[in-house]
Structure formats: C-alpha cells, structure tokens
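Residue numbers (my numbering), protein chains in the order written: chain H, 268 to 344; chain Y, 14 to 398.
Because the hints were derived from the structure by calculation, they are not lab data. Ideal Cβ positions, reconstructed from N, Cα and C, are used throughout, including at glycine. Some clues are possibly wrong.
[As the list claims (entries may be wrong)] Derived list of chain Y stretches under chain H, where covered just means 3 residues or more per stretch with a C-beta under 8 Å from a C-beta of chain H: (1) 256-270; (2) 351-363; (3) 376-383.
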Amino acid sequence: MKVKLGMITLILPVFLGACADMSVLEEVPAWERGSLARPEMAWEPDPMHAALRQHIYFSKEASSGAASAGGGGCGCN
Amino acid sequence: MKQTKSSRLQALTAAAMALPGISAQVQADAPPERNEIGYHYSQYQEDRAPESAVATGSKSRYDIGTHQFRWLGPVNEDYSLLATFDYEGMSGASPMGVTKGADGKPLLVMSGASIEDTRMDLNVKATRYFPEGNASASLGYSTEDDYNAVNLGVEGEKHFNNKSTTLSGGVGFSSDTIEPTQQSGTVRPTSEDKTSVTGFIGGAQVINAVSVIQTSLTVTMHDGYLSDPYRSNDVRPDSRLGFAWNTRYRRWMADSNAALHLDYRLYSDDWGILSHTLGMEWHQNLDDSLRITPSLRYYTQSQADFYVPFDVSGIAGEQSSDYRLSPYGAITLGLAAVASGPNWRLRVSGERYYSDGDFALGGVDVENPGLINFTLLTVGMEYLY
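Throw the hints in and build the complete structure from the sequences for me.
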C-alpha cells in the first residue's frame, strides 16, 4: 500500500503539471525549435535499448502495444 | 552588409538546423547524413525462486545474455535502410504450474532440468523520405529452437502546420509457428500456428518551444494457438483482441539543462486484462559529453478472466495459472549514463524490476508465487562514419 501511495504521490503531480503545459498551444517557428531537436528530447533517445526493454516487458507482462508496425514473435516462456 | 529581417531569420534557421539531431525532427524529412553502427550487450537475470514458493523442480529462473547489432545508413537522397540483429542465449527453469501447499498457499511446480535455448531476430526496414513525411516498409524473421516467426509492416508519417503537427499510422502482420520440445510423460502439441495483425494511428504536436506530445492508439488481433504448451493445464482462448492507448510527453528544462520524459499507456483486451503503465525519465546533462538518466516505471494489471490461482486437473474449459495473467503490479528503477563525442556514443545502464501482488491497484486475494524480480545490465556503443 505504501508503494502504491508513493507512486501516485510522486507521479501524479508531474502528469498534472504536464497537462497544464498542454492547455495552450503556441506557434513555434523553426528557428526556435533547437531545444526540441536535442537528442535527449527524442521519443526514444536510445532505440536499441528501448527495443530490448519493449521485448522484455512484452515477454514478462500481459500487456503489449506501441506505436510501431514491425517486430514481434517469440516463444517467451 | 546590413541584414534584412528575412536573411537574419534564414541565418538563424540554418544555425538551428545544424544542431545535432535537428534534421531528423524539425527540417524536411531526409535520410541520415552518416552511417551509424551500434552494438549492445545486455545481461538479464531473474532472481531465484524462494525455497518456500516451490513445490518441485529447479529454483533457478531465466538468465539471458543478449547481443544487439544495429546499422542505419542513407541509401541515396531519398532512402535509408535500417537493419537490426539480436542474438540471445538463455538458460534457466520455467514454471509449469501452481499447486496448493499443505497450508493452502500456492506453490510453483517448476521444470526440472535447466532449459537451454537461443533466439535470433533479424529485422530490416527501408524508409522513403518526402518533403512533408516519410513511409517505411519492414520485414523480420525470428527463430528459436522451438519457435519461428515472420513479420512485416508498413507505416508512415505526414507533417502539417509547418511541421508542428505530425500524423502517423501503420499496419503489421506476424505469422508464428511453435513446435514444442517433447518430453516423455507429458502430452504436448507437435506444431501450432498463430497469426497477429496490428494497426496503429497516432498524432504528435509541438506545444511550445520546449515541449511536445504524442498520442497513439494501437489495435492488435491474435488468432490461433495462444496457450503455453509447457504448462501442465494451460488452455487459453484461440483469439485475442487488445487496445493500447499510448501518450508520450517530452519537456526541455533549460534551467536544469535536462529533459523530462513522461509516458503513459492504457491497455485493455477481451481476455479481461486492464493495465496502466506510467514511465518517467530525467535526462540530465552533466556537460556537453556526459548525460545521466534516472528512470522510474510503474505497471499494474488486472487478471485474465480465465486465470486460476491453482491448476485444476480434469476439467473442461479455459484456465491458466501463468503469473503473467495474474493480478499484480511492478516497479522498475533504472539509471543510465551516456558519454558521447562527435562520432561515437557509449552507454552503461542498470535496471531493477520488482513485481508484487501488493503493488497492484486493485486488491489481490492470492498472489501468484511465480512473479519475478529481475536485473538488467547493459553496455553499448554506437559509431558514426
């Protein structure tokens, strides 16, 4: 129970802050997008490790589904 | 020479475009300018099953070493090619079922001898770039001692509003065959097939100069043999329809010289599984060439409709005591360090995964004794030429 409350206490305020950020969209010209183009801002800064993690969680948990069309296929018992 | 406003903007834009990585996300879609080759080695180690949780069989769980190879390069002005190859060697024992102990508590029935297997997975993806988007086609083949799978997919992206908005979509198909290793004294199928079809649509939006968001909906249909042939009493439906809603948010924190990543996934399927996955990463730059990333992931799932905490022999109908279909929650703590130069990148990372019935959002009456804890350690490098 403590772990669940800890998770919620830690993560929920961050997600609520993100929601507030999304409430106003701004027109951002290309020359102001330098921060967005930084490597650490990529959806997956390390695609090799992201692929491995996705494979492990797909094998060890009941859920699956990511925004990609390829991959898959393992016995995973 | 006096610069006009237009020429100043052009100069600033050109400078911004010269930043590493910017061409991939902000400028017109184009193949990478250089070839990129990478190698990672990862060691995945599950904790041994506790003595008190095992009725019979080995207490060792899976130990997997994974070699990953990746090559990405331009083919010409409009095309790129991506090839990945994974080689895994695995050993350990696997739960065959769950029985009731003398005190009424569940106990694992583990396979006796250690299982040895290797897995090879080759994927190739070709991408065509357009001024306002890209389109890809991929083909993959995966093989184990008892398992073969072929997959193919097509996907694409289209940019709008000066590339502030991106829509994406794709479909994938996989055909799998399992030929279980036979063992005297057990009845296992000799060969079974499964087909899977996946489709997704998504959209990404630049919110402001420091934050972006992406959301997508994925639908997956499985049809065929979906049971686990190595479990004693495992009969699952022969189809499965699942939905996953993924949302990812990235924010640059200029004051901290760091990037915040937030990910959320809602998953639901017609087996009765409902899950939530929350992910948080903090990519902290220590200087121009060193970054550390602490991460936290929380996962919780409900049980499948046909999940049983104990195996019941001699009854008709669907049942499975697989811990992966049981109700539980899991937490992953991670730490990664990435050092980089003009044409290279080194990575060292470690993750620790804990799963427990008490971590689940809903109540768990009988926790499955097969829940795992594991450690994942990775070293890797990439080189651009």
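Now for the hints, and whether the structure bears them out:
no.: 1; hint: 256-270; result: holds (count 9)
no.: 2; hint: 351-363; result: holds (count 3)
no.: 3; hint: 376-383; result: violated (count 0)
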